[in-house]
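Keeping their order, the protein sequence lines are chains A and B.
Quick note, in my numbering, the first sequence goes up one by one and the last residue is 725.
Quick note, in my numbering, the second sequence goes up one by one and the last residue is 271.
Hint data in this document are derived by calculation from the structure and do not stem from the laboratory.
Careful, some of the hints might be misleading.
Heads up, simulated SDA-like pairs for lysine to any residue below, C-alpha to C-alpha not over 20 Å straight-line [stated by the list, open to error]:
| no. | chain 1 | residue 1 | chain 2 | residue 2 |
| --- | --- | --- | --- | --- |
| 1 | A | 573 | B | 170 |
| 2 | B | 228 | B | 86 |
| 3 | A | 584 | B | 44 |
| 4 | B | 44 | B | 30 |
| 5 | A | 584 | B | 174 |
| 6 | A | 551 | B | 163 |
Since the model is a prediction, treat every value here as computed from it, not as a measurement.
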Amino acid sequence: MVGKTEARVELQGVSIYYNKLQVIKNVSLTLPSKEITAIIGPSGSGKSTLLRAINRMNDHIQGMRIEGLVSMDGQNIYGEKVDVVALRRRIGMVFQRPNPFPKSIYDNVTYGPKLHGKISKTELDVLVEKSLRQAALWDEVKDRLNSSGLDLSGGQQQRLCIARSLAVEPQILLMDEPASALDPAATAKIEDLMLKLKQDLTVVIVTHNMQQAARVSDKTAFLLSGELVEFDVTKKLFTAPRDKRTDDYISGKMG
Amino acid sequence: MPTQQKLVIAAGYTVLILTVAIFVFLAHQSWPFFAEHADLSFVTGDRWLPVSFPPSFQIKGFLVSTLLITGVAVLLGCPLGVISAISLAELLPRQVGLVVRSLFEITAGIPSVVFGFLGLRIVAPYVARVFGLQTGLTGFSAGVVLSVMILPTLVSLAEEALRAVPREYAQASYALGATRWQTIWRVIVPSARGGIAAAILLAIGRAIGETMTVLMVAGGRLTTPGSIFDPMRTLTALIASEVKNAARNSAQYHALFAAGLVLFVITFAVNALAAAVIVGGKGRRSS
């Protein structure tokens, strides 16, 4: 158990402000490596903001200020010498709405690897097949790699986005409500996929679907108004929550 | 159907009717000319001699001049315009962007005769000095002035196309570890290429139709120019300079209308192509 929960990402006393508004309040948690951590909470509780703090996507928002420490393998990712580009290669991200580029399926997957230096065509071919297989999309698209990513169904588009993230071989995958725009069948595929992915990488998923969190995650963090109310093993949090507010939320009395 | 609705629909058709009416009018007025000269020498010949006996009306020189000057305007203006649009949409701070954008809008409002004057007094002498020409009143000088005049159209339309690119694309690119520069050139600009192409085509249409500036700056030689550094006269300048002297219903009068019809067809084709690019691009995005 000790070996399995070796920490990769650690948040210590993290507070995030948008101008004067504090959206994350003194959150501390450790993301267990090669497990799925779910962040749940009602709309506006700061789930996405917390997720985006991990790959510094909040940096693009004017007036954003972060306090506390976010570290990866013991290194402060907001440190002065940190290369954000290199950081984001190690931490992939999948968004709420599938957002493949208006390019071919092949070019979508190779976009990331090509950014980071010259790669031979053969290597790219291998990488495309590997990433699409990992994202459980290969069999559906192997005969039309040159058609546009936008021609795929919503669920396929989202798996293409996952493949695109996997192609840069990240150690962590952040997923921001990855199934909220999808139908139940496509959602089930994404959930299966997450369970497979955690063999190789650490997954963090933001969701407001509690069943989803209960189904797929190993640990769950419950966030309310920017405050981390409870963070525990998923089974425990859903069956025997320690905090009254968690109980209210998961039993549907709130949010 | 309520009356208001009928009126609005009628207003929509007005543009269509006007366009057709202009075409019919031009065709009708130039008909006597084409009836007499039912061959291609009108556009392939080089002799425009309206007061000779017999007169000759051939417009190859003006056509070539129009193409050359438009070419210079587009080659100089498009890179500058597209890069300005990228800068406005993606790089400049908001406040600076507002200032730059309003400067472009002011530029769009400057009468073309003022541009002609600037071309005459500043650009032409400078071009003559730099290239060692006898006169700076050349197609090149006119193209230089036109390249500035097409910027407002080009920049505002291209910027609009760039801003219409969904932010999600940029987000995805950043999340994959792309820099801002890589995101602009590899995702945003390629995603907007349909709209940018349409902007360039509309700017070309604008350049082809410009009259006063080229009349003042391009010089006035009536034959086919041998080089871009020759004085020349465009189709628009030809019509503007001669129509007031042509006797109504004379051969010259009808020939000028025929030249106008050719000009109409060219600009119509360019604008239709731009519209097709815009419609095509939208259809693909929503699929």
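The hints, checked one at a time:
1. A/573 - B/170: It holds: about 10 Å lies between the C-alpha atoms, which stays within 20 Å.
2. B/228 - B/86: violated, 37 Å
3. A/584 - B/44: violated, 50 Å
4. B/44 - B/30: Given that 20 Å is the threshold and the Cα spacing comes to 5 Å, the pair holds.
5. A/584 - B/174: holds, 16 Å
6. A/551 - B/163: holds, 16 Å
This entry does not satisfy hints 2, 3, going by the numbered hints stated previously.
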